[in-house]
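Protein chains in written order, with the working numbering: chain A, 1 to 218; chain B, 1 to 235.
Simulated from the structure, these hints should not be mistaken for laboratory data. Watch out, some of these pointers could steer you wrong.
What the hints assert, rightly or not - Here are some, though not all, of the chain A residues that point toward chain B, as calculated from beta-carbon distances under 8 angstroms:
no., residue
1, Pro-117
2, Gly-119
3, Gln-120
4, Asp-122
5, Ala-123
6, Val-126
7, Leu-127
8, Leu-129
9, Asn-130
10, Gly-137
11, Pro-141
Here a beta-carbon is modelled for each residue, glycine too, at the ideal position from N, C-alpha and C.
So the chains spell out like this:
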Amino acid sequence: MISAELLLHSYPYLLKGALVTIEIATVSMVIGTVFGCLIGGANCRRVRIPFLSTFLKGYVWAIRGTPLFVQLLFVFYALPEFLGVSFSPFSSGVIALGLNSAAYVSELVRAGIDNIPDGQWDASYVLGLNRWQTMRGVIFPQILNVLLPGLTNELTSLIKETSILMAIGTAELTKVSRDIVVRELDPVTIYLGTAILYLCMTTALSSVTAFLQRRAFA
Amino acid sequence: MIKAENIYWKHSAGVVLNGVSFEIPKGKVTAFVGPSGAGKTSLLRCIAGLHSDCKGVLTYQGALLAQMAPAERSSAIGFVLQQFHLFSHFTVLQNCTFSMIAVQKKAPHLAEQYAMEVLASLGIDHLWDKKPLRLSGGQQQRVAIARALVMRPKLLLLDEPTSALDPERRDSIAALLLQLQKGGMTVGISTHDMPFVKGLAHRMYFMEQGAITEAFDRETEELSSKIKISKYLGA
Chain A
1 MISAELLLHS YPYLLKGALV TIEIATVSMV IGTVFGCLIG GANCRRVRIP
51 FLSTFLKGYV WAIRGTPLFV QLLFVFYALP EFLGVSFSPF SSGVIALGLN
101 SAAYVSELVR AGIDNIPDGQ WDASYVLGLN RWQTMRGVIF PQILNVLLPG
151 LTNELTSLIK ETSILMAIGT AELTKVSRDI VVRELDPVTI YLGTAILYLC
201 MTTALSSVTA FLQRRAFA
Chain B
1 MIKAENIYWK HSAGVVLNGV SFEIPKGKVT AFVGPSGAGK TSLLRCIAGL
51 HSDCKGVLTY QGALLAQMAP AERSSAIGFV LQQFHLFSHF TVLQNCTFSM
101 IAVQKKAPHL AEQYAMEVLA SLGIDHLWDK KPLRLSGGQQ QRVAIARALV
151 MRPKLLLLDE PTSALDPERR DSIAALLLQL QKGGMTVGIS THDMPFVKGL
201 AHRMYFMEQG AITEAFDRET EELSSKIKIS KYLGA
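In isolation and in its complexed conformation, chain A is listed as follows (with noise of 0.2 angstroms):
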């Protein structure tokens, strides 16, 4: 049975915890969009960088090839005795969800950049355009139509993704909702309430995003 009076007891934590949630999810995007744009640039046909593709290549083949949940765990526990400095809990979720993201955006870049026809390379090289003009003038808006629907997949995935930040100890809203749910002892109503929350969170960022792509692409 659904207790509305917990629900609307609990709702302040639970928003608390969404906005945890929020922050973790856009600081992550943000590395996610900024670093993903770059690897996949530079992992793009046309482009190749000697050695830095290699690396950056090994680098999205371990992300993609590895659970999230292990990389969080090596950021939490095994990156600090590397590096020797530690982070906190909201930091390794930040770290780790950013980096994963970054893997997949790169390969959606990647594919876009590689999808656009030759011509228009050789256009730009001939117009006298080096390659930093040509990606961000002529191929990037280019593949913006095609990237946004992915884009948009891959940052709703990573807004789902910080529960698993619970692990390590950030209080995002998954953490939050169990530990009411512990302390009330009423999954139904708890989880419920933190499922719409989530859908609140996704159904917005899908809305701002196909908005974007309405505007930029009318």
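For this one, chain A is given, so just place chain B on it according to the hints.
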């Protein structure tokens, strides 16, 4: 204007240009003719710098083309690709102004003003706010020519300029190229459309299997002295 000695280029499928030497004289129309796969397009691409690994000596007004920076080369040589490859996210005007602003560092309003002048000279200024995908093949080609011309090149190269055009538009592009040539522009064309070049080209090079097998200069030679070109022209 352009002198080429012993140009050699190969890709994974084999040798495409095998020791080609030629000259594109200043202020004239030069055509590279011959069957498909003869190496005409590759030759123009070598001149435009798109095959940076081609061997041999290519000079532009005495300067080695290989040593020219892309920005410098784009102001000397304009190249209209066979498929035009206009930037589909830009309007016609933006297609023309983008490289002027990015490469030649022109102020946007001056770039727009000059681009509109060039578009008007080609009779397509009314299309300035259209996206390329909404234009016909002939209009797209004129935009591609305008995009090359705004960089004020001395040499304009066109790869198979009639491949996407009906006979009426073919005549119109021939008239346009003659008009440009009379205005002082040097023009280089690759084509297998003989009726098109017949009255247009001052100099012709006949290409077969990556080599120039015959050259003809309309001002100094009789067409009948050139067996292959004359046969190809149907003369």
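Evaluated hints:
1. About 7 angstroms separates the beta-carbon of A:Pro-117 from the nearest beta-carbon of chain B, less than 8 angstroms, and the hint is met.
2. Residue-level restraint check for A:Gly-119 holds (minimum Cβ-Cβ distance to chain B is 4 angstroms; threshold 8 angstroms).
3. Hint on A:Gln-120 holds. Least Cβ distance to chain B is approximately 6 angstroms, under the 8 angstroms limit.
4. This hint holds: A:Asp-122 has a C-beta 6 angstroms from the nearest C-beta of chain B, less than the 8 angstroms allowed.
5. A cut of 8 angstroms between beta carbons decides the hint on A:Ala-123: the least distance to chain B is about 4 angstroms, and the hint holds.
6. The interface hint given for A:Val-126 holds, since its Cβ lies 4 angstroms from the closest Cβ of chain B, which is under the 8 angstroms cut-off.
7. At about 4 angstroms, the closest approach between the beta carbon of A:Leu-127 and any beta carbon in chain B falls short of 8 angstroms, and the interface hint on this residue holds.
8. Contact between A:Leu-129 and chain B, as hinted, is supported at the beta carbon level, the nearest pair being about 6 angstroms apart and thus within 8 angstroms.
9. The closest approach between the C-beta of A:Asn-130 and any C-beta of chain B is roughly 7 angstroms, which is under the 8 angstroms cut-off, so the hint is satisfied.
10. A cut of 8 angstroms between beta carbons decides the hint on A:Gly-137: the least distance to chain B is about 6 angstroms, and the hint holds.
11. Because the closest C-beta pair between A:Pro-141 and chain B is about 5 angstroms apart, less than 8 angstroms, the hint holds.
In summary, the structure agrees with every hint in the numbered list given earlier.
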